[in-house]
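Chains as they are written, first to last, in full-length UniProt numbering: chain A, 1 to 707; chain B, 1 to 707.
Honestly, the hints are just simulated from the structure, not real lab data. Don't take each hint at face value.
Identical chains share a label here; the pair holds if one copy fits it or two copies do between them.
Unchecked claim - Listed next, the in silico EDC-like pairs over lysine to aspartate or glutamate satisfying Cα-Cα at most 20 Å (straight line):
#1 Lys-538 / Asp-510
#2 Lys-91 / Glu-613
#3 Lys-614 / Asp-345
#4 Lys-357 / Glu-375
#5 Lys-621 / Asp-697
#6 Lys-346 / Glu-229
#7 Lys-621 / Asp-687
#8 Lys-124 / Asp-424
#9 Lys-621 / Asp-609
#10 Lys-76 / Glu-235
#11 Lys-459 / Glu-100
#12 Lys-90 / Glu-292
#13 Lys-614 / Asp-380
#14 Lys-91 / Glu-292
#15 Lys-393 / Glu-524
#16 Lys-151 / Glu-426
#17 Lys-455 / Glu-100
#18 Lys-621 / Glu-375
#19 Lys-591 / Asp-471
#20 Lys-591 / Glu-128
#21 Lys-124 / Glu-210
#22 Lys-233 / Glu-100
#23 Lys-185 / Asp-345
Note that this is a predicted model, so its numbers are computed, not measured.
Now for the letters of each chain:
2 protein chains.
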Amino acid sequence: MLSLIVSQIFYLHHSHLNICIALKCTFTNNSLQNLFYLSQYHSKFPIIKRKITSDSVDNRQNMLNNSAIDQEALKKRILGNKERLCQLLKKRFFYISSFEIYGGTSGLYDYGPPGCALKNEIEKFWREFFIIHDEMFEISTACLTPYNVLKASGHVGKFTDLMVKDEVTMECFRADSYISDIISKFLGSKTKEIVNFPANIKKFEQATYEELEQLLVTVGNLSAEELAEIMNKYEIISPSANKLSHPFPFNLMFEVQIGPSGLFNKSKDLCTGFLRPETAQGIFTNFNRLIEYNGGKLPFAAAQIGLGFRNEISPRNGLLRVREFTMAEIEYFVNPKEKSHRNYDKFKDTVLPLLSKFNQTQGIVEQMPVARAIECGIIDNKALGYFMAKTYKFLTSCGINPSGIRFRQHMDNEMAHYACDCWDCEILTSYGWIEVVGHADRMAYDLTSHEKHSKVPLKAHIKLDDPIIVDVIKPTINKAIVGKIFKEKGQEICEKLNQLTEQKYKEIDDKLNECGKYELSIGENVYHITRDMVQFHKVLVKEYEELITPSVIEPSYGIGRLIYCVLEHVLTHRQGDADNDERIYLAIPAKIAPIKCSILPIFNDPRFDQLIEKLATILSKSGVSYKIDTTGASIGRRYARTDEIGIPYAITIDFKTLEDGTVTIRERESMSQVRVDIASTGGIVHDCVSGSISWEDVTRTHPLVTV
Amino acid sequence: MLSLIVSQIFYLHHSHLNICIALKCTFTNNSLQNLFYLSQYHSKFPIIKRKITSDSVDNRQNMLNNSAIDQEALKKRILGNKERLCQLLKKRFFYISSFEIYGGTSGLYDYGPPGCALKNEIEKFWREFFIIHDEMFEISTACLTPYNVLKASGHVGKFTDLMVKDEVTMECFRADSYISDIISKFLGSKTKEIVNFPANIKKFEQATYEELEQLLVTVGNLSAEELAEIMNKYEIISPSANKLSHPFPFNLMFEVQIGPSGLFNKSKDLCTGFLRPETAQGIFTNFNRLIEYNGGKLPFAAAQIGLGFRNEISPRNGLLRVREFTMAEIEYFVNPKEKSHRNYDKFKDTVLPLLSKFNQTQGIVEQMPVARAIECGIIDNKALGYFMAKTYKFLTSCGINPSGIRFRQHMDNEMAHYACDCWDCEILTSYGWIEVVGHADRMAYDLTSHEKHSKVPLKAHIKLDDPIIVDVIKPTINKAIVGKIFKEKGQEICEKLNQLTEQKYKEIDDKLNECGKYELSIGENVYHITRDMVQFHKVLVKEYEELITPSVIEPSYGIGRLIYCVLEHVLTHRQGDADNDERIYLAIPAKIAPIKCSILPIFNDPRFDQLIEKLATILSKSGVSYKIDTTGASIGRRYARTDEIGIPYAITIDFKTLEDGTVTIRERESMSQVRVDIASTGGIVHDCVSGSISWEDVTRTHPLVTV
C-alpha cells in the first residue's frame, strides 16, 4: 500500500450545490480511495468531484478520460456501420422478422442458420461460464404457468406498463416511450421546424433544455398521474392528431386457457394461465426439490435457459424489444446473513463501471473494483458484486467493447416489485444504452410469497454457530385419562397431540380455558378433549439450527439482446485487396463464433473432393464445426465471405496438399497463415477455439506462409 | 448372390381367406426375397405367410422368433421395473409435475438437474447426428404464430381431437381414448365383474373377443359419427354416470392475443394467434430465405429444436402426453422426381422392423432392409427410407432396445391432413407402443398452401437434363408509335410491356380485341395503350430449367417421449455387495449420459481437497462434466449412487494418489477399474464418451485394478 500526500482541493458538486473544501492529509492508497468513494455516498458533503494529484488518481482520471474517448469512438463506429450491419445480417440470414411472407409480425424474429448457430454458441458458453464453472443446477421448467403462481409472484397485479390509446383509431402506445420519443424528436431537430409534431411545439419551446433533458431521464419512472400531467402540459396528441386516453396499466403477460373448453361452457378442467414473463418462477416453485438435491444446504444456485414472453405494447428496435425471447437466469439462494460466494475472491478486484443511483441524474460513471464498491456500500453485498463482476468478464469475452459497458443501479422508485437492489448491465448500442443483464437482490420476496399462497413451507435449515435457547410451548398429557376415555384410540390421540404446531397449542389452550373442551380431528373422527387431559407449559429449549427463508440474488440475461449487442460491437472494417475496396466483417470471438472453420479448395477441381471429405472428417472428430465453400469465387473473395459471417479460421486445400498432404490455416484477425499437416488441423483449430493455445503459439510452432 | 432351391409350400393367409399354393423353382437369394416381399403387396395373392426352407429364410424366421422372445423379455422387464423407476426418477429429481407446490398442473413437467442434463445431451447428440453430419441448416423460429399462418397450414381447421363431455359435470374426455380405456378395462378384467364400469356390461359381454380387440386397433381412426354409434351400442356413459355429449372436434392449439388490447375494445394492432403445435411451419414460411442460403439449389434440409404446444384434452402417461414439449424436426426439401438423399447408400442395408398398412390389422412386423422395402413399394421413396434408417440408428445409439422398436405405417384414413405417407417410429413402453418419431412425406402440401395464402411464390428452379420447348406469349411493340404518342415516357412503357406475365398479356390482348384500348398503370400514371402499339404472338422457347414446388420429407422427434423411453429401456438390475441387495441403475449410453464422470475421494480427508480440485480442472479442460461426491458413504454405496443416475465413469482418489499421483477409473457396465495417471483422466474419459476409443482399449493399455 503506497502512502501518498493529498494536497489538493476537492470540489463538492451536487445538483444545485457547489461547495469547496480543502484537505491536506496523509493516507494510504487504499484508505484514500475509500475515503474518496465513501465521501460521495456517506459523508455529510453529498457528492465530491475529485481532483487529486497522486499517481493512482491521475491514472484513474486518465482512465476515465480514455474511457470517454473510447466510448465516443465506439459510438461513432456503431452508428457509422449500422446500415451495413443491417444489410449484412439480412443478406446472410442471421435473423429476420418472423412470418415475413405474411408481412412479418412485430416483436417476433426468426434466427437463420448463422444467427441460430451464434445463439447456440452463446448459450453453450454461458452454460460453461456460469453453470458448469460454478456447479449450478440447471433445470428446465414449463412456459405455461397457471394463474395462481403468477398471482403469488406479483406479476398478475404488477407486471404492467402504462399505455395510452388513440381514442379514435384505438392505436396503442407505451406512454413513457411515446413521450420520450416526442422529446427526442424535439431536441434532435436543429431547426425546431418539426413536421407533424404530435404536441404543442410552443409549449416545448417554453421549456428549458435542461428541463427536457431531465425529463428524458426520469420519464420511465413516472406514475400514470405524472404522465397525464406532462401530456396535458405539452398538449400531447396521437400521431393521427387525435386525443389520447389517460395512461392506464396494461399487463404484459400473454393469457392462455389451459385445458379443454370446447363448445359448451367452461369445464372444471379449464384453468387460466399465462406464458411465463421470466423463467425465475419455475425455479422458485421448485425450491424444496432443489435444496433437497443439494443435501439440504445453502448456498446453491439454480439456472435456466429458456423462453420468456412479454406482450410488449410497442415492440421496436429489432431484437432489443421483442415479444418472445430466450432468457438465461440464475437464482442464487443464500443465507441472508452471509450474502457472499465461494469464488468471490477470484473476482473481487474486477474494476466495474458503476452508474450508481447517487450519481445517476448527473450521469457520472465510476470505475471501481468490486470489493471497494461493496466496502463503500454502493453495491449491497458480495454475492451481488460477484455476479456483476462475472457478467463483466462474460460480456467482454463475448466481444463486447469494455467502453460500451456500464452497470446502472435502479433508482428507488424504478425497482421491480420483487427487488431491493438492482443493477442493470447496460451496453452501448446505436439505440443508446440498452439493458442486457439485470442483477437483482430479490431477498426473500418470492419464496415468502409462494409459501403464503401455496401453503407449503419454502425454508432452509441453517446451523447456528452458537446454539440458542428459545421458549417453546409443549403439552403435558395425562395418558391415563386419555386411555380411559378413548380406549384403543388413546395412543393415536396422544401422538397427534404431541405433533401439533405452537400456534395450534395456543388455540387448544385458549379453547380449553374458555369452555373446557376442544374438538380434535384425526382423519374423519372427532374427539372431545377436556382440560384434565392436557396442560400446556412454556419450556426452554436449546436450538442448534434455525429455519430461515433464503435470500435470492438473480442475474438475468436477455440472450437476443446480447446477440444484437455483440454483432454491433464486433463489426469491423478493413481494406480489401483492390483499392477502395473496404470490407466489413464480424470479429466474433472464436469461442462463440457460429462456425469455427471454413474449408476452401483453392480451385474447383475434382481432385480436391476426397481431400475435402478427409478434412471434414478430421474436423468433425475434433468437434470443430465447418462450412465448405466450393464456389468458383477467387480465394480472396472467399476469405472475405467467411470473415464476413465471423468464421475465425479458414483452411485452404491447394496443389501442395495433393503433393505432401499439408494445408494452410488462416486466422481472421491477423490474416496470417501457417502451413500444417492435414491431420493436425482438427487439434489446432479446436485448441485455438477453446483458448488452450493462442494463434501466436501456432505461428511460432508452424511455418508461416508468406502471401 | 447365392442361388437356392425353393421346394416348399407357401401358405396364403389373409383375413378370412386361406389358400395354399405350391411353388417349386430356382431363384437367386435376392430375387427370392424380392418375390417374397412383392408377393405380399402386389401379387394377386393378397398376403403370403412364408414357410421356406433355405438358410437365409430360416435365419430370418429365427430372427423373427428371437425378436418376439426378446420383445416379451423387454416388456416383462419394463413392467417389472416401472414402480422402482418412478421412485428413482422422483427421488433423484429427473423430472416432476410442474408447480408441484400448487398441486401440479396436468400435462406440464419440469426437468430437474439430471433430467435437464439428459435432455441437453440428447439434443446435442441429435444435433451432431442429424444437423452436423448431414450439413442441415438449423434455424430457430417463433412459438407465437399468427392466425393466418396456421389457417394456411390447415391447423386452424383440422388440428383437432374428438372430445366428449359429461353433460352434467362438464368434464371432458378424448373420445377415442375414453372408449379404448373402457374396452381395455373390460378385456383386462378376468372375472368380468367390473366395479363402476361406465357402460352397459351386458352389451360388452355380447361382443366377441375379436370384435373388441379389433375395435382397440381402429378406434383412433373413427369419425365422430362412428364413435357416437359405438357409444350408443355399448351405452357408454361418463365416470360420474351421466350422459355424454355427441363427439365434437376440439382444436388442440392454445389461442393467444398478440398485441395490446387493454381496457377499450380491440385495437388494430391486436392479432389473434396460437402457440405453434409444431416447429415445422416456421421452417416452411422461411423457405425462400433458406433456398437462397443454399445458393438456390435443391435438395437441402432445415432443422429446428424447439417447443411445441398442444392443449391435450386428457394429458396422461407422464412425459408421453403433455401440453408443452420439445420437438426436433427436420424438413428435407427435395425435387419430387428425385426423392433420395446423397447419403442413402450408407443406410440402405439397415434392417428395419416394419408394420406396414397392409399388415397392420394382423400386427405382423417384418424385418426388412430399407432398400428392399423401397423396391417393393412398401416405403414410398429413398428419402423417407433414409431418414427411417437414420432414426433406427439414432434410437439404438440412445440405448433403446432394438426389440422395442417398430415402424408403423399410417392407415390411409389416419394420415395427417398434410401427408401422403407416414411411418411412426414406435417404442415399446410400459404404456404399450408409443409414437416417438414421425416420418411423413408432406409432399408439396405446405409450400403450396402458404404460397396460396401469402401470395408469395415458394418454388425452386430445377435444371432440366434435356431442355424443353414451350409455347410462350411475347409482345411485339411498335416503338415508333409508342414514342410518338408518349414522348420521353415511351422507353419506360416499352420496358414495362416487355416485363409482364403471360396472364397479363392475355388480359391486355383480350381487352384490345374487345374495345381497342387498355389502361396501363406505371406507378401512379396511367397510359392508354391501343391495338396499333402492341401485338401478341405465340413463340416457341427452349427452356433449360423449370419452376417446381419441392416435396418435403419430415422426420419429427418428440424429445420428452424419447427421454422417457430411454429411461425405461436402460433401467438395469445387478446384485449388490451384500446378499439380497439387488441394485437398479440407469445404463444410459455414455454419449448421452447426463454427467460423464464422478469424482470420489476414498475417504473424507482434507488431504484430498487439492487433488479433487486438480482433477476437476483436468476434466473441465477436456470438456468432461463431473459430479463430486464427498459424503461419508462407503465407496461401494457411492458407486451405486453414481450408477443409479447413469454416470458411466467414476474416478476414485485414494491414498496411492497422494504417493504417486495415480487414480482409478471405473466403468459402470463392467465395473472393472484401471489405474491411470491423474493427468490422463480427462483424455481417456473424453475419448471413451466420444466413442473414439472403447473401454476394452483402455483396459488393454492400462493396469487393471483387482478389487
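Exercise for the section: Compare the structure with the hints numbered earlier in the document and write down the numbers of the violated ones, lowest to highest. Expected result: 2, 6, 8, 10, 13, 15, 16, 18, 19, 21, 22 and 23
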